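**Student:** Two chains, two frames, some hints: make the complex.
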Amino acid sequence: MTPARKPRITVLAAAALAAILLSLVSAGCTGNNPSPASPAATGQDTAAFISAANDCRDMNLTVTTTVGTFSYQSTSDCALLKTAVKMNASETAEVRKMLEGKSMVCGYTRGNFDPRWVTTLIGGIEYCHGDLRDGLAQLVAFT
Amino acid sequence: MRKSLLGFALLVALLAPASADVALPPWAWNAYTGTQAWTVTVTETGCGDSFTNQFTVPITFAGGTAVMGDVGHGESKGTFASPNILHFPGRTVADPPGSSQLSDYDLFFTTDCSAFAGKYDWSYSGPDGSCGGTTTLNGANHNGCPAPAVAPAIPTVAPASNSLAADMAAAQQDLDTLTNLQYTQSINDITPRFANLFAPNDGMSSDGRRNRIAELNRQTEHELQAILLQDPNNYDANMGMAELKKTPGTINDYIKYLNAALTSREIAENKVNDLQGNIEREKNFAKLLTPSNSGAVSEMDSEIPPLLKTVLGHDFSTIYPDSKKAVKAYLFATLCERTCDYLTKSASQAASAGGGETP
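Listed in order, the protein sequences are those of chains A and B. 31 is the number that our numbering gives to position 31 of the first sequence; each next residue is one higher, with no gaps. 263 is the number that our numbering gives to position 263 of the second sequence; each next residue is one higher, with no gaps.
Chain B with its partners taken away, still in its complex shape (with noise of 0.2 Å):
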């Protein structure tokens, strides 16, 4: 009797936890077969026109593949990059009396089924020019999500969430990985005589290092543009996404997604407040540094006005230009590279992690 209950009360123990924890899994198209509905809106812009249409288009979906029906060239396929997001390539179709190239694109789906969204380019070429444009194509699907054709994933004991602050913390983790890559790959680029100096040896090649960062790139912005999707003035997406353009060459992104996350002046001014915090907290500093308690800080304080004219090829100086400690924040995320976390984390998320370095 005694062995019973005692197996009984085992039974019970191990059931337990897992019965609270099952819950059902975020919705993934990438698992789904069957064909859906949807009301897309069509919005063709370029070649000096402008115009919007609405289809009723039936999407095909069947497991890591789903072809979508004809919004205006015909039925395309396209390839799942992730359980939301629908990867088709460029192609080029016919468009009388010429033809059109489409670049690749995604359609950024949402995981409670009611929307999606995507963007491609294209440039047309005929005997009667050339030209080129955007085509912005917005779904809607009011039946909420299917009922699953094939039997759905039995739950794990931990499923993943499938909100955003998971779905954060995930895109987060693989930013702070493509950083590290590109801090070492960056170093062996200028020249490998100095690159053990800054970071220890992480046994790849670099050719290896620069494919797995052109993949972590994708899939960073790809996870961070799906967050933007549901939540677009999502901070911590906005800036992983400047961070993501932080070059002369996207130069333009980069401040849009900068502007995008640092919405106002005291938006900015608190989050200078919130990176001084952190950084006063994990340095252990004794006392609050300032232009006149240290001459570094004097020097730079000297030389910022000529910097923001200048720096990263781009003029800062207008951007909050009564506000010092706004454009601050501005001027950290630019000059940052493997600490710009300091002005992501809140001054209480900081603390919460706790530590600091030893003095």
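Looking at chain A on its own, in the form it has when it is part of the complex (with noise of 0.2 Å):
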């Protein structure tokens, strides 16, 4: 180990542990029990999710597909909020333009969560309404 190398890893250690620190107040911030998944969510996050949904428990989760990223944000009143939040970099700027940043929000009663709603981007969004909706379903006319 060189000499010039040893600050550099500590301005990556000290990077890395920000980064765990800000993690943290963001998860804080959010309010959310239980803690909200994290951009890398699992399969395992997903079902979670998926289950939490399915009892209208406040859950957070944001998962990155090959199509881009998605927030979704199950509530107690039984709704599910979907939100577009990046496409991916390879996607053509015109369905970057109709979909990024744009939410659709379900309803379902309780024990009755659509699981298709989190595990594709079509299934069951007849039963949504929003901005998302109407962009997704203008693209099914390219397909």
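Calculated directly from the structure, the hints in this document are not laboratory data. Source: prediction; values computed, not measured. Just so you know, not all the hints are guaranteed correct.
List time: in silico DSS-like cross-link candidates among lysine-lysine, alpha-carbon distance up to 30 Å [as the list claims (entries may be wrong)]: (1) 97/A - 345/B; (2) 86/A - 256/B; (3) 97/A - 283/B.
**Tutor:** Quick look at the structure:
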């Protein structure tokens, strides 16, 4: 290890620590229980979210797929808010404009959450309302 | 002299447009007072039987109400819901040895005064059992519109058009208003906490909005049915009726009206071409989207086959199974919410509307 690399490692460590602290603070700020999923949500996180949503519990989830990053918020009044946070960089400008930042809200009764709202793009959207639904419906024309 | 010439010219200028635009207003039965005789064909189906009778029946019009003579269960009095739609309330009638409950219904009159049509449901109950059925009424009149017994209203400079296109434009406007109100109410019904993310506050209470939705629903259905009475194949009116019926509870009616609009594979495919063109134009697409150049479109493409079997609780996969394009008209109509008019306006209409989103 050369003396020149020592400060760089220290900087990286400090940055990593700051990132961890930031993510903890950010998690605390959402105020939801249980704690929201990290951006790199796993299949288990998704399953836990679907279970919580099915029970109409407050929970957040962010999932990045091959299509883009989507956030989900379930609420105690049996509602789901789905937002297309960011589409993948390789996506066309047209699709990014039609979907990015758009949301829809889906209502259901306890025990009848439709998991396709989380696992697919268009499954079950006929029961949702919002700009995201309109954008997705329009894209169906180009399949 | 110059002053009087100027005055005359001004008078001509003021009168000319008015006299050019004056036209007879469309016939309105709710503005007529008098009695008309109609040949009414009554077809009753139910209780294991079906039969048709024909009667000559007087209808006595008295402004906003009318009394129809006996078509099987005695006279009945209705109230005009709009100029040519007469609404009859439900009632119970003696039907020996029991009685029958007749549903409320509308009679739709054509504006050329040649016909009317209506249908009501009934249920019979008596010592010999219970059963139900429907009765359709089709009225014919070969004498044209009667001379008004009351002075007609003075035509305005810009009278309402009696063309189907104008009627459809009015119905479409009501449908758009209804769609927006339903959108806002649906989100509020799910949870008010997200409402401000989607729709601006329209200043209406939920009860007020619900009442307005119910009223507009009835009104728009009346308007569209009146158009379909004159032109059963009217594409826009059938698509409008489908939109009104787009709920799981009325899925059969929804499919019926979609089928009435998209009557062939070729028509459905052409409508999808219009749909694509309208979206491309209004969104200022720089290039055609395809599954090969868009990850999202590719993902949707793979999701559609299983989705078609379940969307809105119906199996759409059997409709034009040999044309992926044609069935997209059905899928878009079902998934769209506030931009369904992309499927109803033709590409030329969209182009003449001009504009598009600024990039």
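**Student:** Each hint: holds or not?
**Tutor:** Hints, verified against the model:
no.: 1; hint: 97/A - 345/B; in the structure: holds (23 Å)
no.: 2; hint: 86/A - 256/B; in the structure: violated (39 Å)
no.: 3; hint: 97/A - 283/B; in the structure: holds (9 Å)
Checked against the numbered hints above, the structure breaks only hint 2 and satisfies the rest.
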